[in-house]
Amino acid sequence: MPKTIVQEFTKGLWEELPPFRLVLGLCPVLGVTTSMENGLGMGIATTFVLFGSNFLVSMLRSIIPQKVRIACFIIIIAAFVTIVELLMQAYAYPLYLKLGVFIPLIVVNCIVLGRAEAFAYKNKVSYSIADGLGIGIGFTLSLGALGAVRELIGNGSVTVWGDVSYNLLTAFPSYQPFSFMVQAPGAFICLGLMLCVINAVGD
Amino acid sequence: MGYFELIIACIFVNNILLAQFLGNCPFLGTSKKMETAVGMAMAVIFVLVMAGTITWVIYTFVLVKFGLVYLRTIAFIVVIASLVQFVEMFLKKSIPALYAGLGIFLPLITTNCAVMGVCVLNIDKEFTFLQALVASFFYAVGFGLALILFAGLRERILLARVPKPLQDTSIALITAGMISLAFFAFQGMV
Amino acid sequence: MHNTLKLTVSHAPFWHNGSSISSKSRNILLASLLAVIPGCLQYGPAAVGVVTLAIASAVIWELLINFISRRPISVGDGNAALIGMMFAMMLPATTPWWAVVTGTFFAVVIGKEIFGGIGANPFNPAVLAMTIVMLSWGDLFDFNAALLNYSFDFNAVYPLVLSKSFGALPAESFVLTDLLLGKQIGGIGATFGIGLIAGGVYLMLRGYIRWEISISFLAGIFASALFFNILNPELYAGPGFHLLTGYTLIGAFFLATEDSSSPVNFIPMLIYGLLGGALTVMIRNIGTHIDGVLYAILIINLVNPIVDKIRPKALGKGV
Amino acid sequence: MIKRSFFGLVKPKLQYEIIDEAQAEPVSIKASKQIMLYIDQSLENTGNALLKTGDPVKAGQKIAMTDSVDYLLSSKSGQISKISTFVGIMGKKFTSVTIDVDSESSQTVDESFKNVCQTPSLENARDFLAGLPGQPDFNGFFDMDKPVKAIVVLGVDDDLLSTTNQYFVKNNIIAIKTGVDLLCKITGISNAILIVPQHLEQVAGSSGAIVKTVDSEYPSAHPELIMQHILASEDGKSKSKSGIAFFSAEAVCAIGAAYNTGKLPLEKIVTFVSKNGNKQLVSVPIGTPIQDILNKFNETLNDGDRVILGGPMKGISAFSAEYPVLPDTDAIIIQDKNQITERSDTACINCGECVRVCPANIQVNQLIRFLEAGQYEEAADQNDLFSCIECGFCSYVCESRIPVFQHIKLAKHTLESMKAAEESNA
Amino acid sequence: MNDMIKMVVVLTVLSSVAGGVLAAVNKGTASQIEAQQLTFVKGPAIKAILAGSSIDPIVNRFKIADGETEQSFFVGKFDGKANTVAFEGFGKGFGGDIGVMVGVNIEDDKLVGAAVTVHTETPGLGAKAKDDPGLVSQFKGLSVTDPVGVTKDGGQITAISGATITSRAVCDAVVQAMNSYQKMKPQIQEEIQKVGK
Ligand SMILES: Cc1cc2nc3c(=O)[nH]c(=O)nc-3n(C[C@H](O)[C@H](O)[C@H](O)COP(=O)(O)O)c2cc1C
Ligand SMILES: Cc1cc2nc3c(=O)[nH]c(=O)nc-3n(C[C@H](O)[C@H](O)[C@H](O)COP(=O)(O)O)c2cc1C
Ligand SMILES: Cc1cc2nc3c(=O)[nH]c(=O)nc-3n(C[C@H](O)[C@H](O)[C@H](O)COP(=O)(O)O)c2cc1C
Ligand SMILES: Cc1cc2nc3c(=O)[nH]c(=O)nc-3n(C[C@H](O)[C@H](O)[C@H](O)CO)c2cc1C
Ligand code: SF4
Ligand code: SF4
Ligand code: SF4
Ligand code: SF4
Ligand code: FES
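Sequence order for the protein chains is R, S, F, E and U. Here the first sequence stands for residues 1 to 203, where the numbers follow this note's numbering. Here the second sequence stands for residues 1001 to 1190, where the numbers follow this note's numbering. Here the third sequence stands for residues 2001 to 2319, where the numbers follow this note's numbering. Here the fourth sequence stands for residues 3001 to 3426, where the numbers follow this note's numbering. Here the fifth sequence stands for residues 4001 to 4197, where the numbers follow this note's numbering.
Just so you know, the hints here were simulated from the structure itself, not pulled from any lab data. Please note that a few of the clues may not be correct.
PhoX-like, lysine-lysine: derived pairs with alpha carbons at most 20 Å apart [claimed, not checked]:
1. F:Lys-2309 with S:Lys-1033
2. R:Lys-98 with S:Lys-1125
3. R:Lys-67 with S:Lys-1065
4. E:Lys-3337 with F:Lys-2006
5. S:Lys-1125 with U:Lys-4092
6. U:Lys-4185 with F:Lys-2164
7. F:Lys-2006 with E:Lys-3275
8. R:Lys-67 with U:Lys-4006
9. E:Lys-3296 with E:Lys-3033
10. R:Lys-98 with R:Lys-3
11. R:Lys-67 with S:Lys-1092
12. E:Lys-3093 with E:Lys-3409
13. S:Lys-1065 with U:Lys-4027
Here are some chain R residues pointing at chain S (derived, C-beta under 10 Å) [unchecked claim]:
14. Gly-31
15. Val-112
16. Ala-118
17. Leu-133
18. Gly-186
19. Ala-200
Just so it is clear, CB atoms sit at the ideal spot from N, CA and C, and this is done for glycine as well.
Just chain R, same shape as in the assembly:
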């Protein structure tokens, strides 16, 4: 059944919500979600690349030869990643510092290449943009949520952006943050448990 543009957009928010439904692109999910701000920042950067690469790949899909399509995708994606990298350094430097190596790694993020290959190369520009944005925003929301949970439990606070934050310790001064959550093993376990909840709700 052909989908409408709206459906292509909304599928990324639940049916194919990465990384919970599409279990791809896990490295940044695990690596940067020590705070909500980092999660959202990473998500937005990835969304930008997804949007750009889906748009360009879809536009050029009649020109790009089948045999070298992966190489072309990679060049397109890498160009967008570099643009994001440079723009972030210029305009969001603190975030760039926190995300570190994960920004250049968007280039190998399985989601981005996966969408180019599986969707944009086969679909109209408008649909590809909807797909890229939907998946990107879904990814951003997931990262933000994971970041928020980890930060709240592990650090006693939630930083939405810049100075916009909530501090649990003002309400519960005796709370001692459970810092396991913001450490490496906590990332895996927290993601695993969230996936379990989503599976349970999904059924």
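Guided by the hints, dock chains S, F, E and U with the ligands onto chain R, whose structure is given.
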């Protein structure tokens, strides 16, 4: 840092998967069976050693020299992608037996963060060529070790009565977290 | 065939040696009391509180999970109580209630139940929980600070902190017989050496723990401590010290021997124990952590599935 | 029931029963009003069944529903009063044939064996003697692919509590000699080995066969282990079952007696163990319902009790006291309800007890995980399912009280029937 | 053949376009990136140490070559006098190098403050060195010739609990900075005069 410390750091302390969070998709994707885990481990070692050194050379002698450092990401990914293609073609023709073993894993490696990540780390840590070579190899060994140990646990978990919503990826992630916790054992050893 | 007598119909064998999970749990709990009771005497009512809270909360977590996952109630096998007890034995008597409850949650729910309950856990649940709470609330489990308000008739410094910070010399100030008699600070059930050894020997003789693991674990500690000691006698304390401090004894007899996460074949058991002992001493001597036992056990749990593949050839499969 | 010893460090030792000097002679139990025979054949189509309700049978007559080689022998003469089919273990179909026994004075005897007994041969042994007590199996001699090289007579009981076969070695060694000589004659094999417990080595010497002993711990008298440990040392390579024909001591005696007298001996010696553990040898006609034996010893059954045919480790449990004594029923054990250990469906806790006791070196702790998950092929490939000799020891020690042995049998049965189905399709 | 040519052409064009676009973006952002680096990496630390300076230290900076590397110095002006410089030293921490910005009053050679610039320490443990002033505030008032160390090693600085390694590294960084200050003092005085004017 001496080479011994470097090796211990790459395999255990800074394990690319469990401490740096790179290469999780193949980690979860190829660990269900011991055989595939071993295959993937071998393929990563093979490609990473080549990619790590070649990107180092290109960075040092081309990008830095001509002031093109901002092209690092694009240059590295192109090198890795073409390397994987080349290795695949070469193995198919020349060493079919090895190709049969590694072949299906090679395309996965292009989108393996661990490979790209190690190439970037080699540059960020300002390694010499030899250090980059050693680090690439032992990061890959660390990746393989984690993958194989994980596969050992997962083979058992697959047979256990894991509650429905936790099955498969969910429990695998939680187990991976525990492995990453266990690897804290090596902290501070170098 | 038309009478109404209902005979029991079942499968061979019709005999069973009577062993059961609950009798095993009961016996291990009994054996652990040999160390826990002296600990409670030493640290007073607070210790009793921690132990009872740990056991009770572990049982309640398991009950809750049984209800949520709609599975048969499994607290009767005593395993949850045992996990609670093992966890409590490692804690300082001053542990606040919420840390105990969080710990037993990680032990019972995350460590065991989500893998499918008893027998499925890849890591020792109590050890897992202990490392997690220690990572999060390090200062609660810094025995020197935690037990500051107690006064003892012996040197109330956590021995491993001394050896870590100042090398082997201060370690020598501990008399081994004192250490054996529990004249050291530490976890509620982890300091009374004689009790732990007696309990361990009891469990080994009764076959509730696999003696190969305990003995090789201790041998691993001994050999590697001796190695480091010979390498640099000023920096690294000797085997006696390592054998009787920290979590060594509880690790050898009660933690490393947890069934589900340890091997069952002879050679693998030896490798498992020796590796655990050696890693413990390595972490203590050259790693960051004060005590190495917990992380060493996690690592050997991790290699268990691989080493346990070393096994004798089955009948008819030999050469 | 033998419990775990206090010191669990050592492997559990289960000792075989030893027949003692003062053992009472078997109590003879007369034929009751009815006997029943369970035949390992189903009657798909009653039309061409060989027997019908109402047919008269003679003592010693072959009872079979179809033309296949399997049959039983009626131990008494009488009239067939009922034929019914039922499903037994692993979905196997059986036919039960109930015979109303003629009074003692009017017993008639089937003469067809008498006519051939002067010229003993493998063929007439197969045709008439497979229903004798001890259920001798001659089919192996007709398999041309695996020629039989040795005859092994088991003067041991391969399950606990039973003393049936030892009884024959101890009291009837001459009959065993006769039987062995006859077997050697009709098969042309000179190589006969008699396996006995150590305490009977002396007695066994006069059998004329090569005597080997097994030790007194279960499961060393298991035929598979006898082959591995005793016979393999004889003849290095022959570790496969091919080439050896096993007969129980009771069967050998019966074969000897049959050819010597022309009469088929159809009284089975059974070790009867009552609820309170008393053991007594009894001699009963094959087909006698267990209830008759219970009556003899004033044993009463209540709901929840268990009646076991065969030993405690490998036997089967009967669903009714009407179940008959069959040619291979060496023991009958009655367990009171409160002697029964419930099995459970708890998962394996990896205690390793089963691995320590398994005589076949199987990683039962891993095997059971595959079996519970229904992955039978993997269990066979990776965990040596088919090396299992079915001794039941793993279930006996299992701390989780998992019915391990049952899982193993079910898996083997499933795989074998899948294989058979494949072959018949091919 | 046509295919082949198309492949080569597409790839070449794509690469060149990508290269061109990136070069342009790179050029356009270069100066902004440098400013950002100063503002966000060093800026907060400098501002914390030289709080109350009447001139902007980030604008008023100079560089002195030290062997192969160059060290940046940021100047603060108090009470009308350009008498304070801030500069960075490094120490090896738990997760990697830790940078510590140190401010020194060149008149009495005393530390006016210290602050962590970059680190990769564990959140909740070593990361407290940056977020929590408890550790760095202890350096204020020390003389550049004083020995510095954590109490565990016999020094005067109380370590962050659970993060002795980090604390030690911060001390090392301060020591390194003080050493280079002593070595370069003549040049510093020279340069600072220019700013003062
Ligand atoms: C499951 C659970 C976990 C808790 N975890 C924490 C915690 O991590 N840190 C903390 O300070 N309090 C925690 N609490 C704290 C209590 O709600 C309460 O705030 C605390 O015991 C106050 O004690 P105090 O102020 O006397 O120290 C937890 C409570 C529960 C029920
Ligand atoms: C250190 C220690 C030694 C024990 N020694 C014995 C003993 O020698 N004999 C005994 O029957 N019970 C002894 N017990 C008690 C048993 O542990 C237990 O109560 C008894 O064996 C019942 O357990 P079961 O049902 O598993 O057989 C001892 C207990 C401990 C803690
Ligand atoms: C996960 C983890 C993270 C750690 N991070 C740090 C750190 O950031 N800084 C540090 O100095 N020590 C760190 N440590 C090391 C320990 O806390 C170590 O025990 C401590 O540095 C020793 O000093 P103490 O005497 O202050 O406890 C870490 C240890 C672990 C297990
Ligand atoms: C010495 C010993 C220590 C044990 N420690 C634990 C433990 O820490 N956690 C646990 O879940 N089970 C533990 N067990 C339980 C054991 O492995 C098995 O699961 C129980 O026998 C079932 O109650 C231990 C068993 C023994 C023999
Ligand atoms: S014993 Fe039970 S499971 Fe087995 S065949 Fe009979 S009824 Fe079925
Ligand atoms: S029944 Fe059990 S113990 Fe006996 S051989 Fe088979 S697996 Fe081993
Ligand atoms: S005896 Fe039972 S519980 Fe123990 S390992 Fe074997 S199967 Fe598992
Ligand atoms: S043996 Fe186990 S799986 Fe088989 S029928 Fe019995 S309980 Fe069910
Ligand atoms: S995102 Fe890292 S391997 Fe896929």
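Each hint tested on the structure:
1. For a cut-off of 20 Å, the pair hint linking Lys-2309 (chain F) to Lys-1033 (chain S) stands: about 15 Å separates their Cα positions.
2. Among the hinted pairs, Lys-98 (chain R) with Lys-1125 (chain S) is consistent with the structure: their alpha-carbon atoms are about 17 Å apart, no more than 20 Å.
3. The hinted pair formed by Lys-67 (chain R) and Lys-1065 (chain S) fails the criterion: a straight-line CA distance of about 33 Å is larger than 20 Å.
4. This hinted pair checks out: Lys-3337 (chain E) and Lys-2006 (chain F) have alpha carbons roughly 11 Å apart, not beyond 20 Å.
5. Pair hint Lys-1125 (chain S) plus Lys-4092 (chain U) holds up; C-alpha atoms about 13 Å apart against a cutoff of 20 Å.
6. With a C-alpha separation of about 40 Å, the suggested pair Lys-4185 (chain U) and Lys-2164 (chain F) falls outside the 20 Å cut-off, and the hint is violated.
7. Taking the CA atoms of Lys-2006 (chain F) and Lys-3275 (chain E), the gap is about 17 Å. The hint holds against a cut of 20 Å.
8. Note on Lys-67 (chain R) and Lys-4006 (chain U): the hinted pairing holds, with a Cα-Cα distance of about 11 Å set against a maximum of 20 Å.
9. About 14 Å separates the Cα atoms of Lys-3296 (chain E) and Lys-3033 (chain E), which keeps this hinted pair within 20 Å; it holds.
10. About 38 Å separates the Cα atoms of Lys-98 (chain R) and Lys-3 (chain R), which puts this hinted pair outside 20 Å; it is violated.
11. For the hint linking Lys-67 (chain R) to Lys-1092 (chain S), the alpha-carbon distance of about 18 Å falls within 20 Å, and the restraint holds.
12. Between Lys-3093 (chain E) and Lys-3409 (chain E) the CA atoms are separated by roughly 17 Å; this keeps the pair inside 20 Å, and the hint holds.
13. Taking the CA atoms of Lys-1065 (chain S) and Lys-4027 (chain U), the gap is about 17 Å. The hint holds against a cut of 20 Å.
14. Because the closest C-beta pair between Gly-31 (chain R) and chain S is about 4 Å apart, less than 10 Å, the hint holds.
15. Of the supplied interface hints, the one on Val-112 (chain R) holds, with its beta-carbon coming within about 9 Å of a beta-carbon of chain S, less than 10 Å.
16. Annotation: Ala-118 (chain R) was flagged as interfacial toward chain S, and the flag is violated, the nearest CB pair being 13 Å apart, outside 10 Å.
17. With 10 Å as the threshold, the beta carbon of Leu-133 (chain R) stays out of range of chain S, its nearest partner Cβ sitting at about 21 Å, so the hint is violated.
18. The interface hint given for Gly-186 (chain R) is met, as the beta carbon of that residue sits about 7 Å from the closest beta carbon of chain S, less than 10 Å.
19. The beta carbon of Ala-200 (chain R) is positioned within 10 Å of a beta carbon in chain S (closest approach about 4 Å), and the interface hint is therefore held.
Checked against the numbered hints given earlier, this structure breaks hints 3, 6, 10, 16, 17; the rest are met.
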